[in-house]
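Protein chains in written order, with this note's numbering: chain A, -18 to 298; chain B, 563 to 819.
The set of hints was computed from the structure by calculation and includes no laboratory data.
Take the hints with a grain of salt, since some may be wrong.
Claimed, not checked - Per label pair, the in silico range of CB-to-CB distance:
| hint | chain 1 | residue 1 | chain 2 | residue 2 | range |
| --- | --- | --- | --- | --- | --- |
| 1 | A | 118 | B | 702 | 53 to 63 Å |
| 2 | A | 118 | B | 582 | 37 to 47 Å |
| 3 | B | 633 | A | 118 | 19 to 29 Å |
| 4 | A | 8 | B | 660 | 30 to 40 Å |
| 5 | B | 702 | A | 20 | 45 to 55 Å |
| 6 | A | 203 | B | 696 | 27 to 37 Å |
| 7 | B | 680 | A | 33 | 51 to 61 Å |
| 8 | A | 8 | B | 646 | 58 to 68 Å |
| 9 | A | 111 | B | 633 | 37 to 47 Å |
| 10 | A | 118 | B | 626 | 25 to 35 Å |
| 11 | B | 606 | A | 203 | 38 to 48 Å |
| 12 | A | -4 | B | 811 | 53 to 63 Å |
| 13 | B | 582 | A | 15 | 39 to 49 Å |
| 14 | B | 812 | A | -14 | 49 to 59 Å |
Beta carbons are placed, not taken as given, at the ideal position from N, Cα and C, and that holds for glycine.
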Amino acid sequence: MTSTKVELAHRASANAAALYRGRAWWVDRVAQGVVFLGGLSAIVFILSIFIFVAKEGLGFMVADLNIKEFLTSPEWRPTEDSPTYGILALMAGTASVTGLAMLIAVPFSLGAAIYIGEFATGKTREVLKVLVELLAAIPSVVWGFIGLSIMNPLIMELFDVPVGLNVLNAGVILGLMAAPIMTTIAEDALKAVPDSYREAAEALGATRWQVIFKVVLPSAKKGLVAAILLGVGRGFGETMAVLMATGHAINLPTSPFDSVCAMTATIAAELGETAQGSPHYQVLFAIGISLFLITFVINMAADVFVRGGLRMRSKKA
Amino acid sequence: MVKPATQVKKLEVRDLSIRYGDEIALHSADFDVYENEIFGIIGPANSGKTSFLRAINRMNEMTPGMNVTGMVKFDGIDVKSWRDVYALRSRIGVVFPLPVGLPLSIYDNVALSPRLSGVKSKSELDDIVERCLTRAALFDEVKDRLDSLGSLLSGGQQQRLTIARALSQSPELLLLDEFSIAVDPVTTMRIEDVLKELKKEVTIVLVSNLVAQARRLADRTAFFLGGELVEVGETEELFRGNVQDSRTTDYLEGRFG
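Required output: the full structure, derived from the provided sequences and hints.
Right, here's the structure in full:
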């Protein structure tokens, strides 16, 4: 029978396929490889940065540096004959500026995100989104310039203080700087909450605000915390605008009108003037390591908060 | 099937049309729903069943482009004339086709609506939660883990949680939109028993794509087809073949749809 012959031929080709790898198989393999390399490279880069910073600063930190003085003394005099390396004032400068910036940026950005995500529709929404993203693209030196040439005289006049380059100035500038990117991330987090949640809550007779506060915000909590963290990270890491707007004077701030000096700004301003390998050079890297650790701790704390918050809430029930 | 004892009109639908842009979802429907009956709505997809439910508690206001004309009276008052739409919605419970376990604990899911309307006392909330979960045939399965996340329950359990949540506001009207899509047959039967029991206190509108389910539950049934209300009648009469439109029998006997 001829049909059997055809069948046999079919079966033969099917069996051949078992030994032969088709195009799709190879494409899949290559794609897997590329993605793997991409993921690996991120890890490699991060690790090498960490190793570089640690190599330059960690040895000095462990062997020569008086850690207690480093962390608790406000005296930062790296260039004197008997230098003191206390970064308390620098940490206080960074913390005060970032803290003030977050006080400004968190309500602004969450409010903007809620408005854009939950209330604005159509054209308004699109225009606002583009504008916010445009704001996020303003280079930090421009913000520093605004701090220097607009905020500075404004603060002097408004509050009748001799210098307008201070915690208030840098905090406001940094807050405005961080708000757009925080808004964008927070809005993405709100958008990720399924509409079915909103409908279910509205069907229960919840008002718009009740829907947002009882259902949408709790569901988006992780993304919102991520947005705030990004802002905090930006605050700790920002250098140029802070350097220009803080006044760069080493000080333990007692009021928003004190000039301060941030950790990042100190590194940026002084690293170029130090001899490579000198104690001053190495202690600047120690500041870098401290920044690293602080950011790490903040991230961890936020992670624990996000998980722990959930547990707490259900315990209450 | 037994006629509803009272013939008080809970819903009066008059010349109700629903459009999405140029597309007509429901065209000039007129019918009544009586108190304490289960009113079934059957019909193939895209017949306007869900759109009708959304018009009752004014969910259409959340959908851009959805346009409702005509009138739905709830307790004799046009729903559009309710000044406080939230008060209207809190008297109407809705169960959507796909279960929505809000990402709150099981307890908080059920307690959400009472809390929104101002119930604060712990013991009162405990009572509501236990009663609603029991009625939705879920309490025994979850009583030991009321504080775990509602969104982690299985699909069938989430749907019963949704029903418990809808009951938590002590609604006068319960709208069920193809509630059994994501639920296994055994659970479906348990929920159906619950509904038969509930009918004593609540008016129920049951949208179903299962003809047999409408037959099991509904006192009266409306047949929607392509945005047209083909007819409304006593469920048993319709199934006996006492119809005004032959398309109804064709659909009920599975000749199309």
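So, going through the hints one by one against the coordinates:
1. For the pair residue 118 of chain A and residue 702 of chain B, the supplied restraint of 53 to 63 Å holds, since their beta-carbon distance comes to about 57 Å.
2. Between residue 118 of chain A and residue 582 of chain B the beta carbons are some 38 Å apart, a value that agrees with the proposed interval 37 to 47 Å.
3. Between residue 633 of chain B and residue 118 of chain A the CB atoms are about 52 Å apart, so this pair departs from the stated range of 19 to 29 Å.
4. Checked against the given bound of 30 to 40 Å, the beta carbons of residue 8 of chain A and residue 660 of chain B, roughly 36 Å apart, stay inside it.
5. Between residue 702 of chain B and residue 20 of chain A the beta carbon distance is about 46 Å. The supplied range of 45 to 55 Å therefore holds.
6. The supplied range of 27 to 37 Å is met by residue 203 of chain A and residue 696 of chain B, whose beta-carbon atoms lie about 33 Å from each other.
7. Distance hint for residue 680 of chain B and residue 33 of chain A: a CB-CB separation of about 60 Å, consistent with the stated range 51 to 61 Å.
8. The beta-carbon spacing between residue 8 of chain A and residue 646 of chain B, approximately 59 Å, falls within the hinted interval of 58 to 68 Å.
9. Here the CB-CB span from residue 111 of chain A to residue 633 of chain B is close to 42 Å, well matched to the stated 37 to 47 Å.
10. Our hint of 25 to 35 Å for residue 118 of chain A and residue 626 of chain B holds, since their Cβ atoms are close to 31 Å apart.
11. Judged by the Cβ atoms, the range 38 to 48 Å given for residue 606 of chain B and residue 203 of chain A holds: they are separated by roughly 41 Å.
12. Under the hint 53 to 63 Å, the C-beta atoms of residue -4 of chain A and residue 811 of chain B, about 55 Å apart, fit the expected range.
13. Checked against the given bound of 39 to 49 Å, the beta carbons of residue 582 of chain B and residue 15 of chain A, roughly 44 Å apart, stay inside it.
14. The hinted range of 49 to 59 Å is satisfied by residue 812 of chain B and residue -14 of chain A, whose Cβ atoms lie roughly 50 Å apart.
Checked against the numbered hints above, the structure violates only hint 3.
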